[in-house]
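K.L.:
Each chain is listed here by its residues.
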Amino acid sequence: DAGVIQSPRHEVTEMGQEVTLRCKPISGHDYLFWYRQTMMRGLELLIYFNNNVPIDDSGMPEDRFSAKMPNASFSTLKIQPSEPRDSAVYFCASSLVIGLYGYTFGSGTRLTVV
Amino acid sequence: GDSVTQMEGPVTLSEEAFLTINCTYTATGYPSLFWYVQYPGEGLQLLLKATKADDKGSNKGFEATYRKETTSFHLEKGSVQVSDSAVYFCALKGAQKLVFGQGTRLTINP
Numbered sequence: 048d049a050g051v052i053q054s055p056r057h058e059v060t061e062m063g064q065e066v067t068l069r070c071k072p073i074s075g076h077d078y079l080f081w082y083r084q085t086m087m088r089g090l091e092l093l094i095y096f097n098n099n100v101p102i103d104d105s106g107m108p109e110d111r112f113s114a115k116m117p118n119a120s121f122s123t124l125k126i127q128p129s130e131p132r133d134s135a136v137y138f139c140a141s142s143l144v145i146g147l148y149g150y151t152f153g154s155g156t157r158l159t160v161v
Numbered sequence: 033g034d035s036v037t038q039m040e041g042p043v044t045l046s047e048e049a050f051l052t053i054n055c056t057y058t059a060t061g062y063p064s065l066f067w068y069v070q071y072p073g074e075g076l077q078l079l080l081k082a083t084k085a086d087d088k089g090s091n092k093g094f095e096a097t098y099r100k101e102t103t104s105f106h107l108e109k110g111s112v113q114v115s116d117s118a119v120y121f122c123a124l125k126g127a128q129k130l131v132f133g134q135g136t137r138l139t140i141n142p
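Residue numbers (the working numbering), protein chains in the order written: chain A, 48 to 161; chain B, 33 to 142.
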């Protein structure tokens, strides 16, 4: 199994530009989570999906952030317009039975907004 | 609500020292408990888990025992190596998601 695949690994963009981060969960996993990690705020849950349906987006910082899961094998996190304070590492994770197996995380996307 | 409290870091030890990273939790019932490890530049990886009270999880020389009496799940290793330098996260299974502690940064000096 290839694990959770995120792309790109690194993204550098200018303030005001649109940024799209991508995630392919493990096949058969029905939960998908998006996290953001910074030194200042640690690991923050942004949004999660169950069976492609958004369940809780209360962690999305503001309307500039949006996430979609059009099918079971693909999800995107979009920031429009991007700001320097969005610079962070963004992780995607997927799970089948959380209580038994926990999550499997991707390698993350390091976003730098200049 | 559910919460996890971890030992404040950073923690610095010498190679071959004994390691303990404390983790306590607040939750309804007896949730599954996890330890994750994050090496520099990588995502979080599951290190070990315990799904019921009194279970002991173990992996790569690390151990943790689910103690419901003290609501704790402390991580231990008898002899640490430089390669164990990483950030360690304790987590519990809440309602449809994991609840993570703030992470403890561990540095092992040769």
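It should be emphasised that the hints constitute simulated quantities derived from the structure, not laboratory data.
What you are looking at is a predicted structure, and each value in this text was computed from that prediction instead of being measured.
The beta carbon of each residue, even a glycine, is placed where N, CA and C say it ideally should be.
Take the hints with a grain of salt, since some may be wrong.
Derived contacts from chain B toward chain A, CB cut-off under 8 Å, selection only [unchecked claim]:
id, residue
1, Glu74
2, Gly75
3, Lys81
4, Ser115
5, Gln128
Here are a few chain B residues that sit away from chain A, every Cβ distance over 10 Å (derived from the structure) [claimed, not checked]:
id, residue
6, Asp34
7, Ala49
8, Asn54
9, Thr56
10, Ser64
11, Asp86
12, Phe94
13, Glu95
14, Asp116
15, Ala123
16, Leu130
17, Asn141
K.L.:
Now tell me if each hint is right for this structure.
P.N.:
Hints versus structure:
1. Glu74: holds (6 Å)
2. Gly75: holds (4 Å)
3. Lys81: holds (6 Å)
4. Ser115: It is violated, given that the least Cβ distance between Ser115 of chain B and chain A is near 19 Å, above 8 Å.
5. Gln128: holds (6 Å)
6. Asp34: holds (13 Å)
7. Ala49: With a cut-off of 10 Å, Ala49 of chain B remains clear of chain A, as the shortest Cβ separation is near 26 Å.
8. Asn54: holds (17 Å)
9. Thr56: holds (18 Å)
10. Ser64: Answer for Ser64 of chain B: violated, closest chain A Cβ roughly 4 Å.
11. Asp86: holds (17 Å)
12. Phe94: holds (15 Å)
13. Glu95: Non-interface label on Glu95 of chain B holds, nearest chain A Cβ at 17 Å vs cutoff 10 Å.
14. Asp116: holds (19 Å)
15. Ala123: violated (7 Å)
16. Leu130: About 6 Å separates Leu130 of chain B from the closest Cβ of chain A, which leaves it inside 10 Å; violated.
17. Asn141: holds (22 Å)
Hint compliance for this structure: hints 4, 10, 15 and 16 are broken, all remaining hints hold.
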